[in-house]
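K.L.:
Each chain, letter by letter, is given below.
There are 4 protein chains.
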Amino acid sequence: MVGGGRDAFIGAVHRKAIALDGQAELVAGALSSSPEKARESGRALWLADGRNHGDWRALLDDELKRPPEERIDFVSIVTPNHLHLPVAQAFVEAGFHVVCDKPLVHTAAQAQALVAAVARQGTVFAVTYNYTGYPMVREAREIVRSGRLGEIRKVVVEYNQGWLATRLEGEGNKQAEWRSDPARSGAAGAIGDIGSHAENLVATVTGLEIESLCADLGALVPGRPLDDDGSVLLRFQGGARGVLIASQVNTGLENDLRLRVSGTLGTLVWRQERPSELWHLPHDGPRRVLTRGSPWLGDAARRASRLPSGHPEGFIEAFANVYGGVFADIRARLAGRPAEALEADYPRIEEGARGVRFIERVVASSRSDAKWTAW
Amino acid sequence: MVGGGRDAFIGAVHRKAIALDGQAELVAGALSSSPEKARESGRALWLADGRNHGDWRALLDDELKRPPEERIDFVSIVTPNHLHLPVAQAFVEAGFHVVCDKPLVHTAAQAQALVAAVARQGTVFAVTYNYTGYPMVREAREIVRSGRLGEIRKVVVEYNQGWLATRLEGEGNKQAEWRSDPARSGAAGAIGDIGSHAENLVATVTGLEIESLCADLGALVPGRPLDDDGSVLLRFQGGARGVLIASQVNTGLENDLRLRVSGTLGTLVWRQERPSELWHLPHDGPRRVLTRGSPWLGDAARRASRLPSGHPEGFIEAFANVYGGVFADIRARLAGRPAEALEADYPRIEEGARGVRFIERVVASSRSDAKWTAW
Amino acid sequence: MVGGGRDAFIGAVHRKAIALDGQAELVAGALSSSPEKARESGRALWLADGRNHGDWRALLDDELKRPPEERIDFVSIVTPNHLHLPVAQAFVEAGFHVVCDKPLVHTAAQAQALVAAVARQGTVFAVTYNYTGYPMVREAREIVRSGRLGEIRKVVVEYNQGWLATRLEGEGNKQAEWRSDPARSGAAGAIGDIGSHAENLVATVTGLEIESLCADLGALVPGRPLDDDGSVLLRFQGGARGVLIASQVNTGLENDLRLRVSGTLGTLVWRQERPSELWHLPHDGPRRVLTRGSPWLGDAARRASRLPSGHPEGFIEAFANVYGGVFADIRARLAGRPAEALEADYPRIEEGARGVRFIERVVASSRSDAKWTAW
Amino acid sequence: MVGGGRDAFIGAVHRKAIALDGQAELVAGALSSSPEKARESGRALWLADGRNHGDWRALLDDELKRPPEERIDFVSIVTPNHLHLPVAQAFVEAGFHVVCDKPLVHTAAQAQALVAAVARQGTVFAVTYNYTGYPMVREAREIVRSGRLGEIRKVVVEYNQGWLATRLEGEGNKQAEWRSDPARSGAAGAIGDIGSHAENLVATVTGLEIESLCADLGALVPGRPLDDDGSVLLRFQGGARGVLIASQVNTGLENDLRLRVSGTLGTLVWRQERPSELWHLPHDGPRRVLTRGSPWLGDAARRASRLPSGHPEGFIEAFANVYGGVFADIRARLAGRPAEALEADYPRIEEGARGVRFIERVVASSRSDAKWTAW
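Chains as they are written, first to last, in the numbering used here: chain A, 18 to 392; chain B, 18 to 392; chain C, 18 to 392; chain D, 18 to 392.
In short, the hints are calculated from the structure, not lab data.
Not one of these hints is a red herring.
The list cannot tell twin chains apart, which means a pair is met if one copy fits it or any two copies do.
Below, simulated DMTMM-like cross-link-like pairs (lysine to aspartate or glutamate); rule was C-alpha separation at most 25 Å, straight line:
no.: 1; residue 1: K191; residue 2: D316
no.: 2; residue 1: K191; residue 2: D38
no.: 3; residue 1: K191; residue 2: D301
no.: 4; residue 1: K54; residue 2: D38
no.: 5; residue 1: K54; residue 2: D78
no.: 6; residue 1: K191; residue 2: D72
no.: 7; residue 1: K54; residue 2: D79
Please put together the full structure from these sequences, using the hints given.
P.N.:
Structure below.
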């Protein structure tokens with residue numbers, strides 16, 4: 018693991034997601050860009066001294082020196098955004114499988130370079146768009162893709178939080194600091210941090226491709242160099258319309274990601290804060306509330322579930338489902354066979370690259386006086 | 018009453034709202050543009066023959082011939098949109114108080130003429146933006162206006178229905194027919210029919226004024242001459258941002274009007290389909306669910322409530338609250354005194370005119386290649 | 018109308034329910050047991066002086082003196098409980114149709130006498146168990162009665178309020194005063210006032226008959242002579258089990274009547290505070306949320322609905338549905354024909370009598386050391 | 018770990034809960050009563066051969082032979098109920114810390130013997146009443162215990178499921194088989210399996226002690242030797258009343274454990290299926306919805322939470338919180354200091370013994386003709 022030391026948020030989530038099902042174990046790390054903090058964090062996690070590094074290059078060098086059967090099977094990159102590129106590039110070039118947090122990199126050009134490197138190496142590269150790991154998101158995907166909603170007409174996705182409603186970045190909050198710093202976060206704030214999840218959710222569930230978009234980004238908290246609020250009109254290939262809203266200044270909202278997809282035959286509604294329910298509103302009968310763990314769900318949802326219905330699963334399980342797909346893919350490769358689609362069900366690097374493209378296009382549109390910015 | 022005969026929808030709602038509190042009685046009408054249907058409808062409502070007219074001009078003439086104490090106190094205009102103007106103009110010019118359905122008229126110029134006429138006559142003129150009659154909308158208005166949300170930053174309003182997801186207008190549905198006919202409905206479809214409610218809700222609760230907007234209207238059901246779906250980015254004077262979505266093709270949605278207003282100190286969330294709840298998310302404490310009928314609500318909400326909390330009130334009560342404000346205003350005038358603000362709490366003709374302006378600006382923006390269309 | 022003057026609660030609800038659909042009009046009354054308050058209340062409701070009486074006997078005498086075509090079509094009795102019997106008896110004996118609030122009378126013996134009187138006269142006699150007027154309760158009844166839940170196994174009904182969590186009766190609250198006074202309220206407090214609604218709801222929806230019961234009533238607020246909280250175990254004929262809970266001391270609860278009926282093929286869940294939704298949980302598929310106004314509902318629910326789905330109807334509409342059934346029955350009789358079941362869909366005097374029996378049995382059980390008290 | 022092999026349900030939950038936070042590791046086991054299945058299950062979990070036993074006695078013997086620093090720190094007993102006693106007794110007598118599933122044992126006498134053994138050994142003994150591990154249950158406990166609800170008057174707890182609505186035990190379902198077999202499950206079915214959770218939830222949150230109870234247990238699915246449905250009236254010391262309902266035949270219900278506690282100053286409502294919300298209804302202000310992860314929660318709830326609010330945690334996290342308390346207690350003992358109350362926050366053997374007593378008293382009451390059975 019690279020990144021994820023003390024004061025980090027998402028690294029601990031990755032570790033719990035990895036540990037949950039007992040399929041993998043953390044054995045080596047460079048857990049912070051501060052060597053001292055890195056080692057201290059590693060010790061707290063019982064890393065062996067010889068595999069607890071102060072720098073990610075040292076980790077990589079050490080791994081390469083080890084015989085293949087002792088090496089890590091994959092690396093998780095959970096640093097702030099600006100480090101994704103150099104770390105990922107180095108590990109991919111060295112032939113390691115990679116799990117990388119989102120947004121993948123800062124620019125579409127960087128993303129393309131990384132996609133090319135992965136293609137050359139033929140390695141596994143997952144991007145942790147964790148929300149699509151929820152069973153009921155996979156059920157939604159199956160319902161839409163199988164045509165049960167008919168032709169999609171309208172998609173509304175919102176991802177709203179309130180935690181940046183004040184200038185936390187000026188009060189010593191590490192999470193707020195790097196997210197509001199263009200050098201570390203990239204060209205976008207909220208639209209990169211959470212808008213990219215919203216984009217991925219829409220693409221995963223519907224398969225629709227954005228044709229053009231019209232964005233209005235703003236820094237509603239005075240003095241913030243990056244957007245903390247954005248609204249985007251979407252036009253999809255084939256004629257569907259959409260709206261994407263992402264904001265981190267909605268005081269009192271927690272992690273309110275929600276999706277509505279309307280087609281000629283019905284509508285689906287899902288909310289991340291109640292992830293086990295998927296509402297399906299068919300045009301010709303009563304509303305249906307599909308619940309995780311039910312026997313009548315599709316394969317993808319059933320595979321992504323651990324407990325009987327009514328026993329709440331949450332964020333970590335969804336995250337673990339992304340890892341589960343990665344593990345299955347790695348195992349299949351070790352066994353010399355291609356993984357099945359439902360087995361290796363995780364977001365690929367191409368999705369990460371599309372997400373970076375999305376951020377670029379949104380930022381371009383927001384700066385433009387033209388109504389529509391083509392994809 | 019003008020309009021509201023057999024096959025009409027909103028006329029019956031007006032009548033129930035008028036009857037509910039026993040403050041007024043329907044005594045005369047011209048209930049349809051078809052004389053025969055008008056009279057038949059009037060008879061079904063026990064109108065006396067002499068006051069059951071086949072044409073609204075006959076109704077007006079008859080009323081003017083009666084001695085003042087026998088005349089109607091006000092007229093309700095509940096026809097399709099294109100008739101609002103001539104009927105309203107005639108009754109206003111004749112000195113009658115008027116309650117008129119929305120959208121007020123087809124063009125901003127017509128609206129200004131009507132506003133001027135009302136100003137000349139000094140009569141009561143209400144526009145039935147009925148959703149702002151809900152007690153918890155009035156509570157939301159009081160919370161925002163009193164500063165308890167701080168400075169408003171973001172407003173999201175959605176009004177989604179599904180009933181026009183197929184071409185009902187081609188299957189003999191009268192409601193669908195006139196709404197999708199530009200001659201009767203005006204320049205807009207969904208954005209006029211329900212988007213105007215959404216605009217009024219935002220303005221009522223927040224008092225914010227739109228500075229510019231960027232709209233994408235579409236007819237997502239093929240062959241429809243007017244929009245059935247629209248999404249609008251909003252910029253308000255003072256810097257707040259917003260999104261307004263109105264659609265009648267969200268299969269399976271019923272009458273899903275919902276509002277979220279976020280300020281520096283908190284967020285309010287309200288849904289028309291659960292009208293008795295208002296969620297208040299303060300920045301410094303747990304979520305609060307305010308319920309209709311509670312003693313800790315403000316004056317406006319308490320006055321607008323009839324039953325103890327937990328005894329559901331609904332759409333008709335909200336509608337009746339608009340009428341209640343009109344009745345109070347008329348009574349105050351009869352008593353020769355000005356009505357208090359909370360007593361005569363109903364949407365005025367100026368709001369109706371602003372709504373028409375909104376529709377015009379949205380349609381103009383939707384046809385424009387420029388990102389922002391000024392108000 | 019007898020009762021329902023100033024300071025009363027339910028009288029005004031009856032009047033709004035009567036007025037809502039324009040099918041009947043209040044023309045005469047004796048609105049309070051205080052002659053002065055009665056007349057003052059009548060004037061406020063625009064009763065003609067000659068029909069605004071200070072005493073219910075005067076009202077009855079006056080009506081009998083009028084020619085039949087001028088007489089009231091029916092009388093609504095909305096007094097405190099202890100007056101139901103004398104007033105109802107007198108009007109029934111005089112041949113009037115009656116709508117009477119619940120609980121019907123104080124004792125089962127009184128109830129039987131009244132049932133017999135109504136049978137002799139052949140008049141309409143409705144008891145305003147208003148909650149069964151909700152469309153989705155009627156849908157629940159249809160689902161259960163048609164066998165779609167299979168054999169019923171378990172029924173849980175709760176009716177909880179919080180308004181009597183303090184000794185309001187000692188603070189001048191008229192509603193609390195008579196309800197906590199055995200002379201006016203009868204042998205039971207909460208179990209009579211709201212438990213009787215719960216019993217009626219169960220019987221209406223399921224048709225099950227109670228075989229034996231085991232009750233624990235308590236006055237949880239010190240110094241109260243009647244129960245303010247009760248819990249009852251139920252055994253139904255045929256083997257189903259049940260629990261009925263009624264409490265008026267659940268601080269913060271409003272009017273929380275809810276029903277769950279479980280059968281071999283599915284479960285139904287309904288809550289009065291969200292009356293437009295009926296949850297149906299079939300054993301072999303996803304949960305279904307049936308909503309008022311949907312085309313796929315049964316006849317009884319569709320007839321009981323006024324507005325399209327998503328336009329909230331509430332307590333008054335449900336109340337008005339009871340009156341609508343009474344009006345239909347009276348009209349059918351005037352037309353010399355029997356009313357159809359779905360047309361004259363209202364709670365009869367036999368249900369009122371059963372409710373009184375229920376209260377008696379619960380009180381007896383609560384006082385008994387034996388576990389089961391037979392019906 | 019003893020039990021929890023292939024086909025088991027709760028064993029895998031224990032393992033995920035143990036793994037989640039990286040504080041402990043499964044190193045030895047006797048995972049089934051079938052030696053072959055035990056070893057096969059252990060291999061699937063990467064147990065070393067020398068610690069993968071076919072029988073729990075072999076596991077115990079082997080551990081005792083190892084030097085203390087190599088021994089397991091504690092054993093988790095996750096077998097069917099009838100094995101809890103012999104396994105627990107043996108490990109306690111040998112000086113091991115124990116985590117045991119509920120219900121603890123079959124009889125109150127057995128429970129007392131085990132309590133005495135633990136007292137003699139001074140070891141840690143936890144009973145996995147996992148639902149009280151939810152942060153918002155701990156918040157509820159803090160609210161009640163701190164007096165913020167005033168004096169408790171009424172408690173209603175329901176735990177309803179539907180999975181045993183048919184005779185699954187006759188169709189090869191292992192979970193259903195042992196639960197409906199008195200030899201393995203004990204004297205009670207649903208009331209033992211899930212009613213005991215409900216009892217523990219009430220006791221944990223309120224601290225109230227049952228004075229007497231009145232139960233009606235039934236086997237509503239024909240042919241079942243143990244109850245699958247039960248309802249119990251409760252009287253608590255000090256005067257509060259309660260109702261406990263537990264059923265496994267509520268078709269379509271999933272894992273619907275819910276609690277309502279009403280006091281003189283307010284009411285709390287919690288539902289296991291939405292575990293992150295705790296509704297608090299104070300008598301003097303609007304409803305409050307407390308959410309997991311909020312800074313204004315009490316210490317116990319904040320310690321029991323891993324992720325920011327709005328990032329759903331679930332069943333496994335609650336389970337892991339029980340284990341977290343056990344780990345803290347063991348660590349404190351290793352460090353030679355007493356653990357703080359909030360640190361070692363887990364259900365003790367005394368709670369397990371009380372739960373067994375509860376089951377006995379409920380079964381006795383259900384068989385009795387007397388209304389009240391004393392505790």
